[in-house]
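Guided by the hints, dock chain B onto chain A, whose structure is given.
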Amino acid sequence: AQTIHQWPVAEIKAVGSPLSLGCTIKGKSSPNLYWYWQATGGTLQQLFYSITVGQVESVVQLNLSASRPKDDQFILSTEKLLLSHSGFYLCAWSLDWGDTQYFGPGTRLLVL
Amino acid sequence: GDSVTQTEGLVTLTKGLPVMLNCTYQTTYSPFLFWYVQHLNEAPKLLLKSSTDNKRTEHQGFYATLHKSSSSFHLQKSSVQLSDSALYFCAFSTGGNNKLTFGQGTVLSVIP
Numbered sequence: 415a416q417t418i419h420q421w422p423v424a425e426i427k428a429v430g431s432p433l434s435l436g437c438t439i440k441g442k443s444s445p446n447l448y449w450y451w452q453a454t455g456g457t458l459q460q461l462f463y464s465i466t467v468g469q470v471e472s473v474v475q476l477n478l479s480a481s482r483p484k485d486d487q488f489i490l491s492t493e494k495l496l497l498s499h500s501g502f503y504l505c506a507w508s509l510d511w512g513d514t515q516y517f518g519p520g521t522r523l524l525v526l
Numbered sequence: 204g205d206s207v208t209q210t211e212g213l214v215t216l217t218k219g220l221p222v223m224l225n226c227t228y229q230t231t232y233s234p235f236l237f238w239y240v241q242h243l244n245e246a247p248k249l250l251l252k253s254s255t256d257n258k259r260t261e262h263q264g265f266y267a268t269l270h271k272s273s274s275s276f277h278l279q280k281s282s283v284q285l286s287d288s289a290l291y292f293c294a295f296s297t298g299g300n301n302k303l304t305f306g307q308g309t310v311l312s313v314i315p
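Chains A and B, in that order, are what the protein sequence lines are. This note's numbering puts the first residue of the first sequence at 415, with every later residue one more than the last. This note's numbering puts the first residue of the second sequence at 204, with every later residue one more than the last.
I should point out that these hints are in silico values taken from the structure, not numbers from a laboratory. Backbone N, C-alpha and C define an ideal beta-carbon position, used for all residues, glycine too. Warning: the hint list may mix true and false statements.
For lysine-lysine, the following DSSO-like pairs were computed, each having C-alpha atoms within a straight-line distance of at most 30 Å [stated by the list, open to error]:
(1) A/440 with B/218
(2) B/302 with A/484
(3) A/494 with B/218
(4) B/248 with A/442
(5) A/442 with B/218
(6) B/280 with A/440
Now the stretches of chain B that chain A is said to cover, found in silico as 3 or more residues with beta-carbon under 8 Å [to be verified]:
(7) 242–254
(8) 289–297
(9) 306–312
One chain only, chain A, in its complex shape (with noise of 0.2 Å):
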């Protein structure tokens, strides 16, 4: 079975500060991978999707940035957060273009 694992589970940080975030799926080759961000109580806005090692595309431009150096991780980071990057972070995963997302627990992220 698959199972996927994010770090850290919750994080407050201060303006300015620099971010990594992290996710890892165990049990499946090469899946597409993708990071989702949701304010509170909002919706789910994908950020960046990989279906390889090494290439990441972005979706939308939130001062983010992924990289995925193996193929069963996947990390979010920004050298400099902002207040806006509050909020709930979410890795997800899929087995091919168009398939079924599945999320991970999810990163709870603070900027004061």
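Below, chain B alone, put in the same frame as chain A:
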């Protein structure tokens, strides 16, 4: 452009009553429709995925039918339970890319 619309922001119902949450979409491509449910402080979980046109799909007492003629995929349940209280998202993809577009979400609140 492609879009998905959920018309209700909040639906409050007494336990045991039926519910229908609306979802309509707009696209020039052949769509895949999904319903995700998100309980408080949790990640979204897949509830239903559309099948072929006019075919009903069911899971955990919830059901939905894709109607391409009306561009709809409404979520229904015949008798809601207290545990159904959650945020429900309709989402769609067109299969030709990795973009999953979410509606604004509908909060279902079930009261005793």
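Margin query: To test your reading of the hints: which numbers does this structure violate?
Written below: Of the numbered hints given earlier, those the structure breaks are 1, 3, 5, 6, listed in rising order.
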